[in-house]
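Take the sequence shown: its letters are residues 1 to 145, numbered as in the UniProt record's numbering.
Treat the hints as calculated values from the structure; they're not laboratory data.
Treat the hints with care, as some may be off.
Stated by the list, open to error - FRET-style restraints, in silico, Cβ to Cβ:
#	residue 1	residue 2	range
1	Gln8	Ala84	51 to 59 Å
2	Ala84	Glu11	30 to 38 Å
3	Asp105	Gln74	40 to 48 Å
4	Asp81	Pro12	54 to 62 Å
5	Lys72	Ser99	53 to 61 Å
Said to hold, decoys possible - Calculated lysine-lysine pairs in the DSSO-like style (CA-CA distance at most 27 Å, straight line):
#	residue 1	residue 2
6	Lys102	Lys113
7	Lys72	Lys113
8	Lys113	Lys78
9	Lys102	Lys72
By construction, the Cβ of each residue, glycine as well, lies at the ideal position given by its N, Cα and C atoms.
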Amino acid sequence: MQISATRQWTEPAQVHNLTVDDIHTYYVIAGDAPVLVHNCGGDIPAPSMADKPLGSERPDANPLEGTRYTEKVQEQIKSGDDHAFPASIDTLPTMRDTSMVKGGDGIPRLHVKLPGSVNGSRGTFHWIIEPDGSISYRFFDRRMK
1 MQISATRQWT
11 EPAQVHNLTV
21 DDIHTYYVIA
31 GDAPVLVHNC
41 GGDIPAPSMA
51 DKPLGSERPD
61 ANPLEGTRYT
71 EKVQEQIKSG
81 DDHAFPASID
91 TLPTMRDTSM
101 VKGGDGIPRL
111 HVKLPGSVNG
121 SRGTFHWIIE
131 PDGSISYRFF
141 DRRMK
């Protein structure tokens, strides 16, 4: 495709600002792309990715950056089972490894799925990121998919 011309114009547009109590960083869906956004103001520092677009505009961005584990996941990591893969694995996913999923509650969540191996066992690493930016699921599935 070759662009033959462009034009620029200005027109008023209605916009809506949204502030979510008790949630500073969360994902919204823009078309098919998950976008990490944050509330402005307050004393809570924004995660390093919060003001940068994700999805197709930043395919190499790590979707786990700026997130946090829920207490449940933190306890599961301590168990030593397939929830407890090395923390260094969290640095590897990119937005190319993501898809949006909806749970039975109808809430869209970001699913990060990364093929890999742990101690010679091949499988898939999974993370589920909630709309508030928390990770509610972290698991290494030893069945290669």
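Do the hints match the structure? See the list:
1. At roughly 54 Å, the beta carbons of Gln8 and Ala84 sit within the given window of 51 to 59 Å.
2. Taken as a hint, the range 30 to 38 Å is violated for the pair Ala84 and Glu11, whose Cβ atoms sit roughly 54 Å apart.
3. Checked against the given bound of 40 to 48 Å, the beta carbons of Asp105 and Gln74, roughly 22 Å apart, lie outside it.
4. For Asp81 paired with Pro12, a C-beta distance near 56 Å keeps the hint of 54 to 62 Å intact.
5. The hinted window of 53 to 61 Å between Lys72 and Ser99 is violated, with their beta carbons roughly 22 Å apart.
6. Annotation: proposed proximity of Lys102 to Lys113 holds, straight-line Cα distance about 15 Å (limit 27 Å).
7. For the given pair, Lys72 sits about 20 Å from Lys113 by alpha-carbon distance, which is consistent with the 27 Å threshold.
8. Of the supplied pair hints, the one linking Lys113 and Lys78 holds, its CA atoms being roughly 21 Å apart against a limit of 27 Å.
9. Taken as a hint, the Lys102 and Lys72 pair is honoured in the structure, with Cα atoms around 20 Å apart against an allowance of 27 Å.
Comparing the model with each earlier hint shows violations of hints 2, 3 and 5; every other hint is respected.
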